[in-house]
Amino acid sequence: MTNFIKDPVVMMAERNPDPVFSNDELVFSDQEKRLIERWKSQYPTVDGAIMRVLWLAQEKFGFLPPEVIRLTADEVGIPYANAYGVATFYTQYYKKKRGKHVLDVCTCFSCQVCGGYDILHYLESKLGIHVGETTDDGLFTLQEVECLGACGSAPMLQVTNGRYVMDLTHERVDALIDTLRKGKTPEFTSVTLPQDEDELGGNRRSDVKEFQASSPRPVSETVR
Amino acid sequence: MEVKPTGQSKAGDWKNFQRVLLPPVKDLHKLEVYEAEGGYQTFRDALSTAKWTPPAVTEEVQQSVLRGRGGAGFPCGLKWTFMPPVDENVPRFLCCNADESEPGTFKDRQLMEYNPHLVFEGILLACYAMSIKTAYIYVRGEFADWITHMEAELEKVYAKGYVGQNILGSEFSTEIVIHKGAGAYICGEESSLMDSLEGKRAYPRVKPPFPAQKGIWGYPTTINNVETLACVPLILRYGGEWFSQIGAERHPGPVLYGISGHVNRPGVYEYPTGMLITDLIEQVAGGMRNGKKLKAVVPGGSSTPILTAAMIDGVTMDAETLRDAGSMMGTGGMLIMDEDTDIVAWLRRVTHFYHHESCGQCTPCREGTGWLENIVSRIEEGEGNIRDLDLLVDLCSQMEGRTVCALADAAAWPVRYTIERFREEFEARCRPSLVPGAEVMETVE
Ligand SMILES: Cc1cc2nc3c(=O)[nH]c(=O)nc-3n(C[C@H](O)[C@H](O)[C@H](O)COP(=O)(O)O)c2cc1C
Ligand code: SF4
Ligand code: FES
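As given, the protein sequences belong to chains L and Z, one line each in that order. Using the numbering used here, read the first sequence as starting at 31 and increasing by one per residue. Using the numbering used here, read the second sequence as starting at 697 and increasing by one per residue.
Quick caveat, the hints were computed from the structure, so don't treat them as lab data. Mixed in with the good hints, there may be bad ones.
[To be verified] Straight-line distance between alpha carbons at most 27 Å, and here's what the computed DSS-like set of lysine-lysine pairs gives: (1) L:K125 - Z:K876; (2) L:K239 - Z:K876; (3) Z:K747 - L:K70; (4) L:K212 - L:K239; (5) Z:K829 - L:K70; (6) Z:K876 - L:K127; (7) Z:K910 - L:K70; (8) Z:K876 - Z:K747.
The whole structure should be built from the sequences, with the hints applied where relevant.
Shown next, in the form of structure tokens:
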């Protein structure tokens, strides 16, 4: 089956794509370097810091092309191959450029039976893209993810590895897209413990503005 | 075959249960409030009273019969005794497992949001009991917001002198480091968590050697779940005896039930172990949504075998009863499904999860999870044959117990038991004949 063997030129190009960032851009600031040193000191060997440094690099550069991975490896002081291995193992590290906002819709387990796919399909039609794609304006990438540990507030999604937006309905999705289009970040939402609704009246953290009670949500018509 | 459980709630007077893991106190996540509520006093006592030697702390935890809340239910105190004798030249580690990725489980997140200091205090006491100088909290990367919150509180704890060198003027020193994961279910498995901490790809290791012998960087390590460690300060404060009296006899203590799915009030509830599943659905979680009928319950996260509505009658939430009823306690993350749920579609998504999350080290798991997904998808689309069901069960037998870690078993159980317990639904989706092409003959007749 020769068609399994790729053209070597194509293969090389895939492995060593043209760098996106110039050498001048590929530096960590002094403050970032201090952080990295601190992380390195927290483990018996420096290797332990690589995950944190990859996170830092992803926040700074948006994604992790090979030259950025090489930068993190050099900064931590481990072989490039090790850093590359780590960067390619975990799903939250982006090896390819994504949209400005990545919408990770949970369709797993509880979210599935509570309408996670409804939310996913609604977003597909609203943004005019399929799951896995990015809108033409580069604003949104839509992804389907596994359980995010917020099953009591299903269906839910996460915005770009950060904020959780829970108890989704079509209206909430519309509001979220509006907020993001305006360049704002959604508020951190605290999930009330149902038992607290009797005793504390709901919000048990006074430093959190938004909170969401565990109220029943519409049942999705199909469980897919 | 299946033993019918006794049908009595083992949770006693649960309606008047005083919450201890997540007590109703406003702003308990703040250090000042936590201290005002008596927090860190147990830890101070442990450091300053002659009674609380490290072995005495372990002894008390053993007395309490606290069992791990991370899924396997292993006795916590016993696990601590596996640590080798202290050797000043050999570092020892504690890992707090906050990877919480088992579908259906969302209790650790609530604990980190509302009572992080209880977790810190539990970590400190565990470190004290096992003479550990470094503790890592491995939090899944998706919990970025909660990591930020915890780091802010941890800084305050450092400033207060509860963590660091010569804590509160004693001989005892411990560092706590929060480690951020980056999205991989397998990192919850203890040996793969250790690889991930070491800055490697998270591949589970062959056991033995167990973490207590050869853990992170080859040094003795103990790994406990967040909720398990959060129980420790309570055990020392109120006594192991008190703890062992709560809920089911052989699996006691307060427990966080994460209830999700088709109920009126989903969420995390704190009650004793040994609650009747029917009580949890009807009285605690507000009953089924829209008055629908119950179809199935998954009692403890995606890998625990599914129970049909008929099977939960009289079953309580503790390891022994659930085992007799044909399932497991797991993480206590319960999924409740109503009569409209399409079980075949649901199983297809579960198999997709395990296929996606298999690390790929072992052939039975890497290939097996893929085939489970393929075949269940085929059945879902109406393209399956009846014999595919037996093929699936056979495939499960070939995966179980043949791999480095338990993910392969965790992937096989839902398939095996869902097919066993909802066979008619699967059969109804399959082509009726055994031989491909035979339906053509039938129509000719
Ligand atoms: C595939 C797999 C995933 C696991 N995921 C988690 C997890 O997310 N959180 C957790 O606490 N334990 C998880 N465990 C269980 C851990 O391996 C370990 O038993 C547990 O953290 C021990 O803590 P405990 O004794 O306090 O329960 C997982 C186990 C397996 C096999
Ligand atoms: S059983 Fe699966 S997840 Fe576990 S080590 Fe083997 S391949 Fe990896
Ligand atoms: S199933 Fe979606 S958050 Fe757990």
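- Query: What are the numbers of the hints the structure violates, in ascending order?
  - Reply: Going through the list in order, the structure violates hints 3 and 8 and respects the others.
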